[in-house]
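Residue numbers (the working numbering), protein chains in the order written: chain A, 19 to 755; chain B, 734 to 936; chain C, -18 to 314.
Since the hints were derived computationally from the structure, they do not count as laboratory data.
Glycine is no exception: its CB is placed at the ideal position from the N, C-alpha and C atoms.
Incorrect hints may appear among the rest.
[Stated by the list, open to error] Here chain B is said to cover these stretches of chain C; the calculated rule only asks that three of the stretch's residues, wherever they fall, bring their Cβ under 8 Å from a Cβ of chain B:
no., region
1, -16 to -5
2, 15 to 26
3, 29 to 37
4, 88 to 95
5, 113 to 119
[Unchecked claim] Dumping the calculated DSS-like pairs for lysine-lysine here, alpha-carbon to alpha-carbon at most 27 Å:
no., chain 1, residue 1, chain 2, residue 2
6, A, LYS323, A, LYS176
7, B, LYS927, C, LYS220
8, A, LYS149, C, LYS220
9, B, LYS901, B, LYS927
10, A, LYS440, C, LYS276
11, C, LYS220, A, LYS440
12, B, LYS927, A, LYS425
13, C, LYS24, B, LYS785
14, C, LYS220, A, LYS100
15, A, LYS100, C, LYS24
16, C, LYS24, C, LYS(-2)
17, B, LYS875, A, LYS564
18, A, LYS149, C, LYS(-2)
19, C, LYS220, B, LYS785
20, B, LYS785, C, LYS(-2)
21, A, LYS289, A, LYS149
22, A, LYS433, A, LYS408
23, A, LYS461, A, LYS433
[As the list claims (entries may be wrong)] Ranges of calculated distance between the beta carbons of each label pair, as one might list FRET restraints:
no., chain 1, residue 1, chain 2, residue 2, range
24, C, ALA289, A, ASP190, 49 to 55 Å
25, A, ARG752, C, GLU283, 23 to 29 Å
26, C, GLU121, A, ARG184, 42 to 48 Å
27, C, GLU283, A, GLU208, 33 to 39 Å
28, A, GLY437, C, THR129, 56 to 62 Å
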Amino acid sequence: MPSVTYKAGGEGLERELTVEIHEQDATPWGADAVLRLVGGEHPRPDGPAKATGAARYTYDVARPRLAYAGSLLCPYAHARLKDIDEAGARAVPGVLDVRVNRGEYRHAGQAVAVVCAENEHALGDGLRALKATYEVLPAAVTVEDALKPGAAEVEPGKGNREVDARRGRQGDPGAFAKAFEASAVQVEAEFRTQIQTHSAFEPHGSLSDPGSGGEAVVFASTQATSAFQGLGRNLGLDGPARVIADHVGGGFGAKFGPMSGDQAAAEFARKLQRPVKYMCTRREEHLVGGNRPDSIQRLKLGGTKDGEITAFGGVSDGTAGNGTGGAGAANTIVYRLGAQDMEQGAVRTFTARGAAFRAPGHPQGSFALEGMLDLYAAKAGLDPLEVRRKNDRHPLRALQWQIGAEKLGWSTWRKTKPGAGKGPVKRGVGCAAARWGNPGGGKWNVEVAIARDASVTVRNAAQDIGTGTKSVLQIVVAEELGCDLARVNVTIADTRFPPGPGSGGSTTAPSLAPAAREAGLRAREQLEGLLAVEWSTEPSKVRLEKGLFRGPGGKKASFEEACGLIGEQGLSVTGQRRDNWKSADGLGETAGCQFAQVAVDVETGVVRVERVVAVHDCGRVINALSARNQVNGGVIQGISYALFEERRLDRAQGDMVNPTLDTYRITGMADCPTIDVVLTSVVSGFNNMGVMGLGEPATVPTAAAVAGAVFHATGAQVRELPMTPDRVLAALARRPS
Amino acid sequence: MDPQNRSGVTRRGLLKGAGLAAATGALMRAGEALAREAADANVRVQGPGPEKLTLQVNGQARELLAEPRETLLDALRLPLDLTGAKPVCDRGACGACTVWLDGEPVYACTLLALECEGRAITTVEGLGTPSSMHPVQDAFVKDDGMQCGFCTPGMVMSCAWAVKTHGKGLTEEQARAATAGNLCRCGTYPHVLKAALRAAKGA
Amino acid sequence: MKAFALLRPSTAAGAVKALAEGGAVAHAVALKANGIDLLDRMKERVDEPERVVSLTSATGLSELTARGDGSLTIGALVTLQMLADSADVQRLAPSLAKAAGLAASPQLRRRATLGGNLAQHTRCGYYRHLSFSCLKRGAEACPVRAETGVQDTAGIFGNSVCASAHPSSVAPVLGSLGAVVHVEGPGGVRVVPFPDLWAQPERGRASDLSLAAGDVITAIEIPPLPGSMGFGYEEVRVKAAFDWALVSAAVRIHGGAGKVSGGSIWLGSVAPTPLRAVAAEALLSGSVTEALAEKVGAAAAEGATPLAGTTYKVQLVKVAVKRALLEAAGRPA
């Protein structure tokens, strides 16, 4: 394996790294690499299709003889079917088939029956005609109800609480107790976060087409085309189905595989030998389309008088529905916290399962941890930012705190005392931090094909859920080839192409871009070889400089001229993603921090976020335009989480009272503050370009920063999300006068 | 029923509710209403089955069949295969299905297709195509006013209306007001705003 | 949506006739203006009429007329956007223009009619989703009132039977302006004073209007409002735009800030129907100071019977009324 020494890092944290790389891999772009396209601002290649309505999403796909499927959803948390009029539904004109799922239903929204019909009207009529009645069984749908003695058990005999499988209990109880006892400043508090639904605008769904003689194909609104290939079985194929997801209307973590409706649609398609589409309704999307688990975090923090944290611990309980995965709150990973004892409980309830949601566990953990820091700072009479800086453990964040504080005017703002100023509207500022640590993985292949007319095609099975994956691939390949961006067509999200990753964990860019770079490099070498033959020289004497291929004796060729040497059949190469390099040297985590400025009407409890400064690192930035868009989006979703969103279930029945987009509130234009995004670019040292992911960390600290600002503005800490007027007024009423 | 008698009913109702109302004016208008009733009580009945319908969409007359329960959004997406307008909430609560009705942005999911006959409907496809974009669409691409893109067509329609209405002088406040009825789950608002203002400058 | 026949009369009288032919079952026929609310309910199958009578083809219902005496007649099909944009409304009844302009979203304001706004049903999530039981839809009890109910947007007055809240934000303004409603029905044309337009909730009754099934609202009339009056409107909502009011308050006062002699105060989103704050009105006299406004606000909240989840709305009533009064007196908070 060749060994390469280069300059990684950046932003004053440059360092020489020596890494062993695969012999096929590209030599790393160091922090000092001069790049033509990478790092610039580039419109995404599918922008025109999206802006003109030409982009076809799964929901938009039409097929001859298309039939429609949909589910009757159980309205109770726990019930058995008493009666259902299957024959009545079958008798409805246009209804093609009905499938009843008998048995016990363990959450509202569970599919009691699935109907397939000629059109959506007949589908609605068919579902209505089922007239199901239920025997309602005992249930508990909130963490607190599920933990009450005698509560109905989701898994009979097992109790409803388990220590979370992933985060479990961490730390040393004895050491924590001692350290907390000994600390000069002690704070204890309870924080609560709500259940947030993903609410992707294109709902979950798919279209299964048995092909009727031609090729069977599945169109899916998914974050992982590969995960839908298994529908081939439901469709009656011998092997995996071909899956296409040209455009995906959002995912945020909940679209990693088929739901029961997708499977039912494929089975109807097989039986009827016609294409069948299943798209979740908005109510269904809210009920079963995935959610971020809630949390009740009872925490203790001890520290010195001058701001050093010496002890942190407590218990967090959350519910991920009738499963237990992912209910924990990641509240221990950003700062040095001294002795720790943290237990993460997962509470089973009779509700639909949670799903990974943009930084699973982190926003809820951040809200509570940063809230504890704010409380500690207030009690010790310290500046909350100084407390954070003192206990920070990321070298880059020192710079980020400084950038953010200066941009916001932190030190001036903090001179304002809580509740100061005339009138009912009080202003304040807060801050919080983010980290992310997933450098990507997987041995994915990216294909680059070049035709004689100089058109370049990049192929991979991975999808673009809106994060800009197509743009990343286009930029990296064009950079290597020395051609215009417009020459590069990105054709992805089709499982006929080389396999690609699911879009999750903020890993798509670091998992795929290095393979695209290697493929671009391989293709460029082929062009250089063709030019070498043309110029009767050695390939090593041909090089790409400033957009032109140059050879001995002043010979030059443009990219287009070089492509003219390609044979009729064109040229095609693949590049592979190699294993992560071993010498990341402390740059393996990305860092970020956010500052928020809010206005709180202390008479009504209404909170408005006026400004956010977001400083983030994502390794090397590939496309600064779409990267900024990701950060803006993370902040705006974070504001939504902080102030608006909440799944509200009737506690007796377990069904959702606000399954619409007016009553399940999400941030709109009027609530979008001024946001300053600063990207610090630090080459991570994991792969041939140093790229890391960004989507998730950008939403982690927002709610915490907003809460800190509310605390500063009013002197009242709101310890429950979302910070709606009822909760803000209650916190104000508790405030010591 | 004897008109005199009906007038009496009216008078009693009116006197009971006289309050601040100008009694004589109200009486006169009541009389007018009666006259209207006598003159014209035509009722057009359509459905419940499919009805023939011609919609003026993007400057073209498009014929289709629609049941009364078909919304404009249903009609655009299915028979007409104009899938730019998106079904997201289907309850007038998100803006993803925004189209222009006689030049003004409305939610296609809140209109019955049959009641759109004779009205000028403009969809995102009617503004421009990928190879020949409307200036607002072009600005959305340049400023990356999109992520997943599912709300984008509706957002474009609201911004294009703002640019059309306010021209070069479009302010940020006006652009915000014009898009207040368009939600975006990805949070692209800052980029959308920038695009609207960029497009207005070139207007 | 269940299939239905669409009846499009060319006059209001035609609509009355079409409604009357709807048959014996009231639920089998529904009336709509532009239908925003009705379509919502029909999509949820909360309403499944077989015949829908639409006013959109009826003539003479879209006019907004300001007379020399300062009165306004607003056709039932005048949209909220027309109200917000009308120079006459801004001049004669600024609180109405303000409330209309704050409602919903631009797209909805262009379609939402004043008549439809008054006739809309509660946004209570229990009422609007078939999966729940609801007193308005025939259930014995209101599940919102149960300890296990979701109560955050529920009513805090008159909520002993049904805890719904009337969602209209322009309705309290019309109440405060002393509006009367022109109704055409099988028995002829009549004028209904605003307080009489409303019916208290009862089992199986979905509409909050006192009107009969065959009645059509044709216009809303606002009497002459002398220049010496002051108008205020305030609403509290979670989001800055495109959200429902948690509480709204409309105030009209006689005389200037220096010497008020009576007026009218109405509340929205706090009871099953728009609510007149009689006790608060009684305090409208003398100089409008911050202290008086506080007192009037407190009086408006008297008698509230909030549920556990809606105690905060009592405070919102006090603040909204206080602010609306200060605005009416020309000294916004």
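Here is what the structure says about each hint:
Three residues within the 8 Å Cβ limit are the bar, and the region -16 to -5 of chain C against chain B gives 12, so the coverage statement holds. Only when three residues or more bring their CB closer than 8 Å to a CB of chain B does the claim for the region 15 to 26 of chain C stand; here the count is 7, and the claim holds. Under a criterion of three residues with beta carbons nearer than 8 Å to beta carbons of chain B, the stated coverage of the region 29 to 37 of chain C is upheld, 4 such residues being counted. Counting residues of the region 88 to 95 of chain C whose beta carbon lies closer than 8 Å to any beta carbon of chain B gives 4, which reaches the threshold of three, so the coverage claim holds.
With 0 residues carrying a beta carbon less than 8 Å from a beta carbon of chain B, the region 113 to 119 of chain C misses the three-residue requirement, and the given coverage is violated. Restraint check for A:LYS323 and A:LYS176: the C-alpha separation of about 45 Å exceeds 27 Å, so the hint is violated. The hinted pair formed by B:LYS927 and C:LYS220 meets the criterion: a straight-line CA distance of about 22 Å does not exceed 27 Å. A distance of roughly 38 Å separates the Cα atoms of A:LYS149 and C:LYS220; the hinted pair therefore is violated under the 27 Å criterion.
For the suggested pair B:LYS901 and B:LYS927, the alpha carbons sit about 14 Å apart, so the restraint of at most 27 Å is met. Restraint check: the Cα-Cα separation between A:LYS440 and C:LYS276 comes to about 20 Å, which is no more than 27 Å; the hinted pair holds. As the CA atoms of C:LYS220 and A:LYS440 are separated by approximately 24 Å, the hinted pair is consistent with the 27 Å bound. Between B:LYS927 and A:LYS425 the alpha-carbon distance is near 21 Å, which keeps this suggested pair within the 27 Å criterion.
With a C-alpha separation of about 23 Å, the suggested pair C:LYS24 and B:LYS785 falls inside the 27 Å cut-off, and the hint holds. As the CA atoms of C:LYS220 and A:LYS100 are separated by approximately 42 Å, the hinted pair breaks the 27 Å bound. With a CA separation close to 26 Å, the supplied pair A:LYS100 and C:LYS24 stays within the 27 Å bound. Our distance criterion of 27 Å between C-alpha atoms is met by C:LYS24 and C:LYS(-2), whose separation comes to about 26 Å.
This hinted pair checks out: B:LYS875 and A:LYS564 have alpha carbons roughly 25 Å apart, not beyond 27 Å. With a C-alpha separation of about 34 Å, the suggested pairing of A:LYS149 with C:LYS(-2) is violated against the 27 Å cut-off. Proximity of C:LYS220 to B:LYS785 is assessed by CA-CA distance (about 42 Å); at most 27 Å being required, the pair is judged violated. For the hint linking B:LYS785 to C:LYS(-2), the alpha-carbon distance of about 25 Å falls within 27 Å, and the restraint holds.
Restraint check for A:LYS289 and A:LYS149: satisfied, since their Cα atoms lie roughly 25 Å apart, inside the 27 Å limit. Distance restraint check for A:LYS433 and A:LYS408: the Cα-Cα separation of roughly 20 Å lies within the 27 Å cut-off, and the hinted pair is therefore satisfied. For the given pair, A:LYS461 sits about 53 Å from A:LYS433 by alpha-carbon distance, which is inconsistent with the 27 Å threshold. Hint check: C:ALA289 to A:ASP190, Cβ distance near 41 Å, so the stated range 49 to 55 Å is violated.
For the hinted restraint 23 to 29 Å between A:ARG752 and C:GLU283, the CB-CB distance of approximately 25 Å keeps it satisfied. For the pair C:GLU121 and A:ARG184, the supplied restraint of 42 to 48 Å holds, since their beta-carbon distance comes to about 46 Å. For C:GLU283 paired with A:GLU208, a C-beta distance near 34 Å keeps the hint of 33 to 39 Å intact. The hinted window of 56 to 62 Å between A:GLY437 and C:THR129 is violated, with their beta carbons roughly 37 Å apart.
Going down the numbered hints, you'll see the structure goes against 5, 6, 8, 14, 18, 19, 23, 24, 28, while the others check out.
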